[in-house]
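Asker: Kindly produce the complete structure, drawing on both the sequences and the hints.
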Amino acid sequence: MMIPAHALAGIACIHLGLLTSRGNKHWLWLGLFFAFLSHAVIDALAIFTYHDGSPSGTSFSQFVFWFWIAGAISVIYWALQNDRRYGYGILVALSYDLWDHWILRAFSCSRDGFPDGCMSLYAFEHLHLHQLEWFILENIFAGTERHYGDEEYFIIELLFVGVLCWMVWWLRKREPLPQGDEEE
Numbered sequence: 745m746m747i748p749a750h751a752l753a754g755i756a757c758i759h760l761g762l763l764t765s766r767g768n769k770h771w772l773w774l775g776l777f778f779a780f781l782s783h784a785v786i787d788a789l790a791i792f793t794y795h796d797g798s799p800s801g802t803s804f805s806q807f808v809f810w811f812w813i814a815g816a817i818s819v820i821y822w823a824l825q826n827d828r829r830y831g832y833g834i835l836v837a838l839s840y841d842l843w844d845h846w847i848l849r850a851f852s853c854s855r856d857g858f859p860d861g862c863m864s865l866y867a868f869e870h871l872h873l874h875q876l877e878w879f880i881l882e883n884i885f886a887g888t889e890r891h892y893g894d895e896e897y898f899i900i901e902l903l904f905v906g907v908l909c910w911m912v913w914w915l916r917k918r919e920p921l922p923q924g925d926e927e928e
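For what it's worth, my numbering labels the leading residue of the sequence shown as 745, then goes sequentially.
In case anyone wonders, no lab produced these hints; they're calculated from the structure. Treat the hints with caution; some may be incorrect.
As the list claims (entries may be wrong) - Restraint-style ranges between C-beta atoms, simulated for each label pair:
hint : residue 1 : residue 2 : range
1    : SER800    : ARG918    : 31 to 37 Å
2    : THR764    : TRP913    : 16 to 22 Å
3    : LEU842    : TRP773    : 18 to 24 Å
No residue lacks a Cβ here, since even glycine has one placed at the ideal position from N, Cα and C.
Answerer: Below you can see the structure in the form of C-alpha cells.
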C-alpha cells in the first residue's frame, strides 16, 4: 500500500506500545516491533488494492500517486505536530521501503550506472526486508487473485486508510498518550 497506510499503522503501533507499557521506559521497543511487522502485513493486504500509482503513468495513475503523496505529507506533518514519538513508528513502518527501494536500489544502480532511473533493478533480494511480506503472500494468500492494476480497487485502499485514521482518532480520544520525558 502507499505511504499514508504505513505511516498511520506506525502511529497506531507506537500509540499502542506506549499504552501497554505505562511506566516502563521500554515502550519504544514494543511499539517499534509492531510498527515493523505492520509493513509486511499491510503490504500483503495490498493484493486487494490498486497499486499502480506512478507519476509518469496514466492520468488515473498520476492522480493516485499525487493523492497519496499529499496524503503522506499530511499524515506525517499531523503526527509530528501532535506527538513527536509518532515519528519513530512512522520511520520503522516505512523502513522496508526505505531499505529495499532506496538504499539497496541505490547500491545496485551505482554499480550499473543508474539505468532507467533505477526503477527496474531489484538486486540484493536476499537482503530485502519485504521477504516477510512475500512469505505471508506465499503461505497465507497463495492462489488469491491480486488486484494491483484494477483501478476500482483504489476504493479499498481508501477504505483501509479511513479505518486506520479512525483507529488513530479513537486511540487518541479514548486513551491519550502518557506524557513523559521523551517529549520536550
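Asker: Take the hints in turn and mark each one as holding or not.
Answerer: The hints, checked one at a time:
Against the hinted window of 31 to 37 Å, the Cβ-Cβ separation of SER800 and ARG918 comes to about 43 Å, which falls outside the hint. For THR764 paired with TRP913, a C-beta distance near 19 Å keeps the hint of 16 to 22 Å intact. The given range of 18 to 24 Å is respected by LEU842 and TRP773, whose C-beta atoms sit roughly 20 Å from each other.
Checked against the numbered hints listed earlier, the structure breaks hint 1 alone; every other hint is satisfied.
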